[in-house]
Amino acid sequence: MTTTTTAILENKKKFSLARVLIEGRAFLALILIIVVFSLMSPNYLTFDNILIMSSHVAIYAILGLGMLLVVLNGGIDLSVGSTLGFSAVIAGFLMQGVPINIFGVILYPSIPVVVVISCAVGAAVGLVNGILVSKFKVAPFVATLGMLYVVRGLALLMTNGLTINDLSGDEALGNTGFNWLGFNRVLNIPIGVIIMILIAIVLGFILGRTRFGRWLYASGGNERAAELSGVPVRGVKIWVYVISGICAAIAGLILASTLTSASPTAGNTYELTAIAAVVIGGASLMGGRGNVRGTLLGAFVIGFLSDGLVIVGVSAYWQMVFIGAVIVVAVLLNSLQYGRRRRPATATPPVKASQSTPEPAGKN
Amino acid sequence: MNDEFDDVVLEARNVVKTYGGTRALKGVNFEIRRGTVTTLFGENGAGKSTLMKILSGVEQPTSGEIILDGEPVVFHSTNDARERGISIIHQELSLAPNLSVRDNIFMGREITGPFGIDFAEEARQTRELLADLLPGVEPDTHVNDLRVGQQQIIEIARALSVNSRILIMDEPTSALAAAEVEILFGIIHDLTARGVAIVYISHHLEEALEVTDHAVVLRDGSMTAKDERSNIDLEWIVRNMVGDNFDLGSPPTGYEFGDTILSIRDLRVLDPENSERSIVNGLSLDVKAGEIVCLYGLMGAGRTELLEAVAGRDRIDGGEILLDGTALGDDTIAERIALGIGLVPEDRQRDGLVQTFDVGTNLTLASLGDSLRNGVLSRRTEKKIAQDLIRTVTVKTPGPELPIGSLSGGNQQKVVIGKVIATDPRVMLLDEPSRGIDIGAKGEVFRLLAERAREGLAVVYSTSEVGECLSIAHRIIVLRRGQISAEFGPDATKEMIMAASGEAVAA
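For the record, the sequence lines run as chains G and C.
Counting in the working numbering, the first sequence runs from 1 upward without gaps.
Counting in the working numbering, the second sequence runs from 1001 upward without gaps.
If you're looking for bench data, these hints aren't it; they were derived computationally from the structure.
We treat Cβ as the ideally placed atom computed from N, Cα and C, and that holds for glycine.
Treat the hints with care, since some could be wrong.
To be verified - If you want a taste of the chain C side facing chain G, the calculated C-beta under 10 Å gives, among others:
(1) Arg1165
(2) Leu1365
(3) Pro1490
To be verified - Which residues of chain C face chain G? A few of them, derived with a C-beta cut under 7 Å, are:
(4) Ala1327
(5) Leu1328
(6) Gly1329
(7) Ile1333
(8) Ile1337
(9) Leu1339
(10) Gly1340
(11) Asp1358
(12) Arg1373
(13) Val1376
(14) Leu1377
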């Protein structure tokens, strides 16, 4: 035994090009994308373009960071695209004024109130997902697929399928300033990007330095063992969907503000982009593995790749082919990294498990 | 016995198997004779399964030869071995429960005609096979609808349908009821009469003695003994399995027990498989601080369910569990851990460890609160706690940052125990703590428990190896069908304990 463990330690110290390539794959892919596109177009690597691309990335990244928590838990959240659209519509709806018929007045909530209500709606969608998955044991794929339809339907119902175009508010009513989210810059950096960075820092802290983060990794890695260790696995599960819903709502607000319109169809298929960002970032869809840094990189890879393809004039159809290929390659590399390790619940005997087989004649 | 060498169908010569740096088999010689049952005895980790995997083509030996009918052979896969007439029936059934008996028997080698699969022919052959083995079961019965014992027989039928001459059975009776075991033994006799050679592996020593013709004992990857049935008895097997002078310790003495900590009153737990039945059926038990209690019983006697009910995983159906005289009621697992109840679960891989975590994070998982500084996990504190725990439970690892999968079974078990100890338990429940760990680690685990008991910890551990009851336990409780059938002190004999559990004593 001692021999095998020391072997592992030595292995760890040994500098291995293959290991670096595999572990830094998302980063390397991003560098590659930037180099290739800057060679192809002089406009690609300019400060302005980087900022524009980053604000596109921010939407995917914020969705992806919420998705990361769900994926770490071993679940998936297909409803984030719809939640994004719904949150945008809710914001638009509130800014048109809410008539209170009994008093015969129209309420115009201020922007902070609009933001809070929209996020609360996102959280509520997440809460429904979480309760379905954790309490009623509905498979995450199915529960969130259902919510994808329900929430999208609600968004369309609220506006009758129409887009709300007036989000500027009125000085007299005290509800101006929504555009700030999408247009303003602090130190020349778009607000959306700053929000993305803030969310990344907060979630990174939660995952790495709090009990909740450890609980999340543990219940994603082996839920039964986590439960027996006193981890409140149900609560963790509900919370990750709630956080994912809030992230989707925030993304919806930023998108609506940037586009100065709230479309009920906004964010269609964005859930898939978010999942792609998480996967490219090296997270395991089986749960328990993945981190904020990876997901951010994944979102940048997707955003910089698709914008680059637009800039060099590749057709939209080819863009889909490229992005699809990147996702498949990412998953292939993930399975290279994790595939040889044993999963908890499988009954495979430990002998074939890994290079460091600990328990030769392991019979239970 | 003059012509015994003519009967040898399969032989392993000086087979060595190494995994990484570990030698699982250290040059084993082994023969299987036509029309006989050869039983492999050995503790967990002795190399039985490794040997069987080599004989059935799952793994290739590092060195040494396999000789089939006098010719050296190399099996590249299980299919390879199966084509030459060697089949293995694993401990875990490998049937597809959603398919019919017919489909399972012909899985992977369906009989096809011009119109796809020839179901009629398959059904005919299935019926023929089952006529002897399992009369009354139709080919289109779903495997789901069969009892586990019947499913086991379907596995055997599948092996026979490819004309197996050598059948390896790995713990075939572990999930069977007594009546089903009898049926299985009847089938084994029929098979040997037809000339099939059977290799039998079981932890039920008495049961195995009933069917065996030859016995082979493995210990630590080497063969320690082999003999004919007529020359051996239970004592002989145990002596060769564990060695002559192995001692798992004795009950710690020289201190007074404290007050009763854990009280179980008339506890009922429903059988998760069959909610009509209580698997723990009106059981009462008191455990004092500093006392070590061993729960012995056969599979299905209710040991696991009893321990998991106390830990808060299983819902109880009646009765109550009291800690210091206060009923636990609906307290969650986390609340019970906080109150001082810790469970080391039976299945380490499934319930004990988070495989994606390293040694340190596994150790601290149940006691994360201790690593918090101002609400934030302090890496330094956590690492220190982990290192202390590694020392306390003597995990052999260079450091807490090693992946948990790199440890041996015994060290992994110590990590699970360490995780529970970190929660500062007052009652520690261990479900088969010695399962799948080598004998040295077993001794260390028991020594650790004895030390903790001396400091006032109440320990309840379960086991299905009677030798482990007679080690550190002050009290041995024998469970049978969810109830206490007998209670012994440390001076009990193996025979007394086995008799009380409902095991037949052959020796």
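Hints and how they fare:
no.: 1; hint: Arg1165; verdict: 25 Å, violated
no.: 2; hint: Leu1365; verdict: 5 Å, holds
no.: 3; hint: Pro1490; verdict: 28 Å, violated
no.: 4; hint: Ala1327; verdict: 20 Å, violated
no.: 5; hint: Leu1328; verdict: 14 Å, violated
no.: 6; hint: Gly1329; verdict: 17 Å, violated
no.: 7; hint: Ile1333; verdict: 6 Å, holds
no.: 8; hint: Ile1337; verdict: 4 Å, holds
no.: 9; hint: Leu1339; verdict: 11 Å, violated
no.: 10; hint: Gly1340; verdict: 12 Å, violated
no.: 11; hint: Asp1358; verdict: 11 Å, violated
no.: 12; hint: Arg1373; verdict: 10 Å, violated
no.: 13; hint: Val1376; verdict: 5 Å, holds
no.: 14; hint: Leu1377; verdict: 5 Å, holds
Hints 1, 3, 4, 5, 6, 9, 10, 11, 12, counting from the list given before, are not met by this structure.
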